[in-house]
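2 protein chains.
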Amino acid sequence: MKKLSIFVAVSIILNVFVACTSNTESDNKTSKQSDPLPSWNDGQAKASIINYVDEVTNTESGKYINIPDRVAVFDNDGTIWSERPLYFQFYFAMDRVKALAPEHPEWKTEQPFKGILENDPNALMASGSEGIGKVLAVTHSGTTVAEFHQLVSNWIQTAKHPTKDKPYTDLVYEPMLELLAYLQDNSFTTYIVSGGSIEFMRPIICDIYNIPVNQILGTSFKTVYKYNDGKPFLERYPEMDFYNDKGDKAVNIQKIIGKKPIFCGGNSDGDLAMMQWTASNSLPSFMLYVHHTDSIREWAYDRKSHIGRLDKGLDQANKDGWTVIDMKKDWKVVFPFELMER
Amino acid sequence: MKKLSIFVAVSIILNVFVACTSNTESDNKTSKQSDPLPSWNDGQAKASIINYVDEVTNTESGKYINIPDRVAVFDNDGTIWSERPLYFQFYFAMDRVKALAPEHPEWKTEQPFKGILENDPNALMASGSEGIGKVLAVTHSGTTVAEFHQLVSNWIQTAKHPTKDKPYTDLVYEPMLELLAYLQDNSFTTYIVSGGSIEFMRPIICDIYNIPVNQILGTSFKTVYKYNDGKPFLERYPEMDFYNDKGDKAVNIQKIIGKKPIFCGGNSDGDLAMMQWTASNSLPSFMLYVHHTDSIREWAYDRKSHIGRLDKGLDQANKDGWTVIDMKKDWKVVFPFELMER
Chain V
0 MKKLSIFVAV
10 SIILNVFVAC
20 TSNTESDNKT
30 SKQSDPLPSW
40 NDGQAKASII
50 NYVDEVTNTE
60 SGKYINIPDR
70 VAVFDNDGTI
80 WSERPLYFQF
90 YFAMDRVKAL
100 APEHPEWKTE
110 QPFKGILEND
120 PNALMASGSE
130 GIGKVLAVTH
140 SGTTVAEFHQ
150 LVSNWIQTAK
160 HPTKDKPYTD
170 LVYEPMLELL
180 AYLQDNSFTT
190 YIVSGGSIEF
200 MRPIICDIYN
210 IPVNQILGTS
220 FKTVYKYNDG
230 KPFLERYPEM
240 DFYNDKGDKA
250 VNIQKIIGKK
260 PIFCGGNSDG
270 DLAMMQWTAS
280 NSLPSFMLYV
290 HHTDSIREWA
300 YDRKSHIGRL
310 DKGLDQANKD
320 GWTVIDMKKD
330 WKVVFPFELM
340 ER
Chain F
0 MKKLSIFVAV
10 SIILNVFVAC
20 TSNTESDNKT
30 SKQSDPLPSW
40 NDGQAKASII
50 NYVDEVTNTE
60 SGKYINIPDR
70 VAVFDNDGTI
80 WSERPLYFQF
90 YFAMDRVKAL
100 APEHPEWKTE
110 QPFKGILEND
120 PNALMASGSE
130 GIGKVLAVTH
140 SGTTVAEFHQ
150 LVSNWIQTAK
160 HPTKDKPYTD
170 LVYEPMLELL
180 AYLQDNSFTT
190 YIVSGGSIEF
200 MRPIICDIYN
210 IPVNQILGTS
220 FKTVYKYNDG
230 KPFLERYPEM
240 DFYNDKGDKA
250 VNIQKIIGKK
260 PIFCGGNSDG
270 DLAMMQWTAS
280 NSLPSFMLYV
290 HHTDSIREWA
300 YDRKSHIGRL
310 DKGLDQANKD
320 GWTVIDMKKD
330 WKVVFPFELM
340 ER
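Just so you know, the sequences run in chain order V and F.
According to numbering that gives the first Met the number 0, the first sequence holds residues 0 to 341 in order.
According to numbering that gives the first Met the number 0, the second sequence holds residues 0 to 341 in order.
Incorrect hints may have been included.
[What the hints assert, rightly or not] List of simulated lysine-lysine pairs, DSS-like, C-alpha gap at most 27 angstroms:
#1 V:221 to F:230
#2 V:311 to F:230
#3 V:245 to F:221
#4 V:258 to F:311
#5 F:303 to F:328
#6 V:221 to F:225
#7 V:230 to F:245
#8 V:225 to F:303
#9 F:245 to V:225
#10 V:230 to F:318
#11 F:230 to V:258
#12 V:303 to F:225
#13 F:221 to V:221
#14 F:225 to V:318
#15 V:258 to F:303
#16 F:311 to V:225
#17 F:225 to V:311
#18 F:221 to V:133
[As the list claims (entries may be wrong)] Covered stretches of chain F, going by a simulated chain V footprint (3 or more residues, C-beta under 8 angstroms):
#19 158-168
#20 217-224
Treat the hints as calculated values from the structure; they're not laboratory data.
Don't be surprised by glycine CBs; every beta carbon is placed ideally from N, CA and C.
Just chain V, with the same shape it has in the complex:
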């Protein structure tokens, strides 16, 4: 990720500044006097987050949690950046279909490729999970891992969101960047646990979220080690290896992180298993659902949406008293660029 939007860059600089000026050495109190979540409106959601972090970092609260156990997991699409009208990774895939089309004359007559090449915005979703799987497989393979990173890096520098007309990296949620920085500042280890592809996310989000590559968990494609004339490389195949969604998010958390999280952020039923898993921690835990309620600044959707459906999760959050963020009400700004417009 060589080139960041100026707004995102400003946000990162501000967050790094906050991190650097607070003393993280020993959970000290002085850093907690300034507002760690300035883009959040005062209310129950914000207060409960701050109260939780204060308690688990205060050795005298009776709820203190040791630093190695401060594991926080976050979904990505719809939780830290937008996922509408389609997952951003799908736009990468569709642009890749166009780039690869000259090598695939058969796509002119084969759906969903035909529709994608004719700029039909509904073609991909209309093809169902089989068609989507086919498009993802062919557009996320056929290269080495290093080449794929380069493709993604090149794409993200120029691609623009189809309706917001902004770089995709502008469409991260400023309040969630603040939350990530706040947790990191309090010695939480923050992980992304997403249905998105690991190697699609890494070149884009690591710098923006201040999260190292090994803390990005996601979907993987079959990859094979090759050794050719003294040079090793990893070749990506058009076959899914692991789809990181629903119960498999909890499975992957155990396999890779090896500890039950104490903090979980998500926005859909695909995150419900890792919410339940986090809620079952014997240590005090915090479950946070982002509820998309803002049709003006972002999008409004929940129980009936094909993308990011929040139905069973909303029921369980209400039943079990998990925190549900009302995006419209709880967030002063949604995107970093709004900070510059205020």
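Given chain V, put chain F in place with the hints provided.
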């Protein structure tokens, strides 16, 4: 791992003491004046390790490597602890067969179970990869992850090596513990990348190696998330999910660590791919093969061994100038308990 052998405990305390008394804040020089590898005889292997670490941590060497890029990967069986006569995990599996036998009357006549129950030391290996796979599957599944950890923890506290008559945790290589501590002390992030099962290793080795659970990469068994009456759990199935060996070690390093290592330690052809992968780093890298040459203190084997075969790897190490440790010649002591006997 609640109970450590006294020898291993002494070694850990010594290593922690060394780590605590050296200032790791800024790659300073004073800590390098004492011998970081006291159980290694002076010689080319020891000198080249120390020279490499000095160079990559010295900002003025021209070979300085930033801390986040100091990724070190190590095989486990035969590299950090012994693997003879059989992998230690196989002894766990065989003891588990005996514990589970009452529920499986059919094992009395079915190989390799019959042989294991009759204490035939060759039964398991004689059954080949199919038989071994069957035994591992049935003994590493049928429980939740938490229950499996408990089984392993209970086993390691009382199990003894069949010929050395020591706890398995006594059979770690003191020089390799020193090497791990030395690299950690120089801000390397140390990973285990083993063919052993992740959830078998974690309860045993994390404390001994000073490596957190999320830095243990290994073989995994199919695991399924279940939610029963408000309680989530992860159920282990008798089916291999990922066999972490050969080229797949490099694949797993990319998937989970996300960076090419700069330091790789191994002992067999199963580690050759991650050696090659490390050697292809554009940053200065170090490849280290443990060569089992000591038939008295440990075991001597290489090109023709069924377990831990080192054949192609030895050829490439010699050709490419990688460091090959001659266990007999390079190590003053092999196991921590020898320190007390000297």
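Here is how each hint holds up against the structure:
no.: 1; hint: V:221 to F:230; result: 33 angstroms, violated
no.: 2; hint: V:311 to F:230; result: 16 angstroms, holds
no.: 3; hint: V:245 to F:221; result: 15 angstroms, holds
no.: 4; hint: V:258 to F:311; result: 37 angstroms, violated
no.: 5; hint: F:303 to F:328; result: 21 angstroms, holds
no.: 6; hint: V:221 to F:225; result: 26 angstroms, holds
no.: 7; hint: V:230 to F:245; result: 16 angstroms, holds
no.: 8; hint: V:225 to F:303; result: 25 angstroms, holds
no.: 9; hint: F:245 to V:225; result: 11 angstroms, holds
no.: 10; hint: V:230 to F:318; result: 15 angstroms, holds
no.: 11; hint: F:230 to V:258; result: 17 angstroms, holds
no.: 12; hint: V:303 to F:225; result: 25 angstroms, holds
no.: 13; hint: F:221 to V:221; result: 17 angstroms, holds
no.: 14; hint: F:225 to V:318; result: 20 angstroms, holds
no.: 15; hint: V:258 to F:303; result: 40 angstroms, violated
no.: 16; hint: F:311 to V:225; result: 16 angstroms, holds
no.: 17; hint: F:225 to V:311; result: 16 angstroms, holds
no.: 18; hint: F:221 to V:133; result: 25 angstroms, holds
no.: 19; hint: 158-168; result: violated (count 0)
no.: 20; hint: 217-224; result: holds (count 4)
Hint compliance for this structure: hints 1, 4, 15 and 19 are broken, all remaining hints hold.
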